[in-house]
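Position chains Y and F against the provided structure of chain E, taking the given hints into account.
Protein chains in written order, with our numbering: chain E, 1 to 302; chain Y, 1 to 346; chain F, 1 to 252.
Because the hints were derived from the structure by calculation, they are not lab data. The reader is advised that the hints may include incorrect statements.
Claimed, not checked - Okay, derived cross-link-like pairs now, DSBU-like style, lysine-lysine, Cα gap no bigger than 30 Å in a straight line: (1) Lys7(F) / Lys106(E); (2) Lys88(Y) / Lys145(F); (3) Lys234(Y) / Lys102(F); (4) Lys62(E) / Lys211(Y); (5) Lys36(E) / Lys10(F); (6) Lys8(Y) / Lys57(Y); (7) Lys204(Y) / Lys140(Y); (8) Lys36(E) / Lys183(F).
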Amino acid sequence: MNAILHAYEVTKEEDMVEPLDYNRRSRMKNFDKCFKAEITNIIRLTEMEKLFQLRMINEDDKNRFTFLPGQFVMLELPGYGEVPISISCSPSIKSIIELCIRKAGKVTEALHKAKRGAVVGIRGPFGTHFPMEKMKKNNVLLIAGGLGLAPLRAPMTYVIENRADFKDVHIFYGAKDPTQLLFDYQYEQWHRIDDINLQIIVEKPDELWTGPVGLITKLLDDIAIDPDKTYAIVCGPPVMFKFVCNRLKDMGVPMQRMFVSLERRMHCGMGKCCRCNIGSTYTCLDGPVFDYWSVMNLKEAI
Amino acid sequence: MIFKTIVKEDLKKLFNVHLKDVECVGPKQVATSNDGKAVYQFLPFESFDEINLNHEKTEYSAKTYFLPFRETLSTFNFKNGDWDQEIKYRKQQRVLVGLHPCDINALVKLDKVFAKDLFPSPYYRSRRENTFVIGIDCDKPCTDGFCASVGADVVTHGFDLFLRDIGDKYFVKVGSDRGLNVLNKISPTDISPEERKSYRKKTKEFLAGFKNTIRVENLPNTLDIEFESPVWKKWGDKCLSCGSCAMVCPTCYCYGVSEQISMDFKKSEKVKQLYSCNLLDFAMVAGAHNFRPARETRLKYRYYHQHRGFVESFGEPKCVGCNRCGRACLANINPVDVISDLQMEL
Amino acid sequence: MEYLGIKPNKPKVAVFDFSGCEGCELQLVNKEDTLIDFLSAIDLRGWREASSVINDDYDIALIEGSITRDDEIKRLEKIRSHAKVLVALGSCACFGGVNQMKNVFDLKKANQEVYGDKPKETAKVKAVKDVVKVDLEIPGCPISKAEVESIIRHLAWGMPFSYPVYPVCVECKQRFTTCMFEKGLMCLGPITMAGCNAPCPAGGLGCWGCRGPAKDPNYESFFAIARERGFSTAEVNERLNFFGGFQEVNAK
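Okay, chain E solo, but in the shape it has when bound:
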């Protein structure tokens, strides 16, 4: 060590000892440190999707980990890798985090084999959220296509828990066929207890299906909305939200009151690795929640 060059110890930086809180966004200690979480329950939703209930192992972390509906986490499976997953539960229950995960790649495949009690890592939460406060005192359209119900479930539970703050609430959900419907055990609750207009549509019905058949935009045919008093959250594949949002636009809903959640490959979650860039926008920092106006202006978003 040469004395004339001052040695610098990054771990002695003041903010290295601050408590973990990713939402403050500027703390160096957070950069790559995982919260440790245990899988407490696994709920099989379909062939391809499972809902994982996680609990922070460290007591302190339970209070440190707070998030807003729409944000995502980086889920770390040591040895396998890390994947971005949107949080699928209510922000008010601090002890439990729910992640709805499709078996799509190598990491999620391994996770699908994991059993209760397995310990995984969590970094985050990251990204933007749905503006739930702003949406209060308005009608809310919650529209999901396919796996889009997973990110939608966070704002949905928020709306349900604060039902009195919102006017009419509609949930429109479309899937390829009845076997792919997620969270079917909760429909009754959403529909009945919470005074929510729940409509489900499938493209390919089976013999037991009695509900409507077609594309999700069909559900919008039958409703009358007050465009000045309506917010919409639309989650699903780009082709789906494009059609839905354009329809809502035609119905008079301003583009800045429609929100979508985008999915991209991510390796950091913190605006560094560039993998999630759309044109030149970081999905992890400026998204994943965007209003439709912004999405329309993103090159290569749709």
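Okay, now just chains Y and F, sitting in the frame of chain E:
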């Protein structure tokens, strides 16, 4: 800024005597190209004679001393089905000498992303703070550089010491407290009016010597409007998607993270590897959907990030105009030609 | 060790050699620092070069060498019927390798050229995949042990495994090698799949493409570059045909 002058011979003394215990890195010749030119790289040296501060431009940029091609982010140690996470930052001191304005401006841009933006990176900060940077001005513009067009021809900060050859002496800009400390080891002198004149004259000559330019005015908007321009296809068809441009670029920082479990299953390393947006699977997601399957869209994206995205975030282009990418590209895709092509699209 | 509730299995592995130099097999025993761990992660059921154990009960068969005789075809088919996973090891097994160069000659003439008046039985050289179904390929002349290890981790523990999609250039750059073209040498690096860590260019020899093509290589641009730099079509094609990884790819 404090200005000093030092006798050239004293710089050698600084390295060979005062800094001999520290890892010193500078421009060393590693090969001779087919057309007889010396090829330089920033490499560790023992004696000052091994390096050449009059090098035109190194083949690779100095970024790898701050963002190495491969870096272990964490190590997970497994034990009885559980694991713990271990994180280490590099903190060994290092002196980096011979950086040109493009190299230092590149570091200043990387600072904006890794040290000053949301989520500052301790991996980067630790390396940056423990690296003593000595830059040197170019005598004349290099044959293919266009740093003047992107405002990277002069430096104002981001170094500890910055030299300009003014004949028998170096004119030194002192950029930090530790820079002054180090300089004081070799008894610098205050600048005389003649030395100041000579410095300014040399600088003026350098700035007047630029022949290579690109028109960056309104470039962010042009890029937006020309998103579907056939220019992209033209250059995309040549692109080998080999990533060489990003590897040698002093500011390209994008990366991928992968995990490698040891053969004895006791630990796993989470390794960051610098990547390139020109590589085929850069924007591929689980389930194999690729958001940028075509070469031209990947090539276009790189220009977008350089000249639009970075401008949106930080008010300046990411490119420093060194044209290392152009030199490294076998297909001769270079910013001057691509951007001129785009600006001509009318 | 059990991890994430997943129990890693210890796959039964056997190694078989066909027509080749056995250099790839040598690579398997080459990485001494992890050799013990490698051997304890698997249940070795047959490997002439490292063990005397011979057993027909195996899950994974690692096949080295190309197929050049009829009896080799029969032997390979038998191995396939035993193995759950069959891995082609090295350029010979994957593409025919150096051996397949004889395919452009008249077989009789080739036989006479090599063996004189004592001809041996020989047929057109085939890659393993031309004879039986191949589950995984590890190309390279020789193979990289690191890649074999990650395949074993993949098969034993389900760890992610994927080949780099990018060409050798990335690895050259990441080890600071000066470009072969810059030095006036021919190199297939820009179109060849990485994963070898580019040892040849680092040693001053342009790439010969032993790992076969990268994903979606830009042949047209590459051929144009080679032409501009004064390399003849014959020179380029000689390289492309050397290991057999670039079947039906030819500069014009």
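| Distance restraint between lysine 8(Y) and lysine 57(Y), which requires alpha-carbon spacing of 30 Å or less | Roughly 21 Å separates the two Cα atoms, so the pair holds.
| Holds or violated: lysine 234(Y) to lysine 102(F), with C-alpha atoms at most 30 Å apart | Status violated; Cα separation ~40 Å.
| Hey, lysine 88(Y) versus lysine 145(F), does the alpha-carbon distance stay inside 30 Å? | holds (28 Å)
| Taken at face value, is the distance from the CA of lysine 140(Y) to the CA of lysine 204(Y) at most 30 Å? | holds (10 Å)
| query | Keeping to a limit of 30 Å between CA atoms, is the pair of lysine 36(E) and lysine 183(F) held or broken? | reply | violated (51 Å)
| Taken at face value, is the distance from the CA of lysine 211(Y) to the CA of lysine 62(E) at most 30 Å? | violated (61 Å)
| request: With a cut-off of 30 Å on the C-alpha distance, tell me whether lysine 36(E) and lysine 10(F) pass. | output: holds (29 Å)
| Is the Cα-Cα distance between lysine 7(F) and lysine 106(E) 30 Å or less? | holds (17 Å)
Checked against the numbered hints given earlier, the structure breaks hints 3, 4 and 8 and satisfies all the rest.
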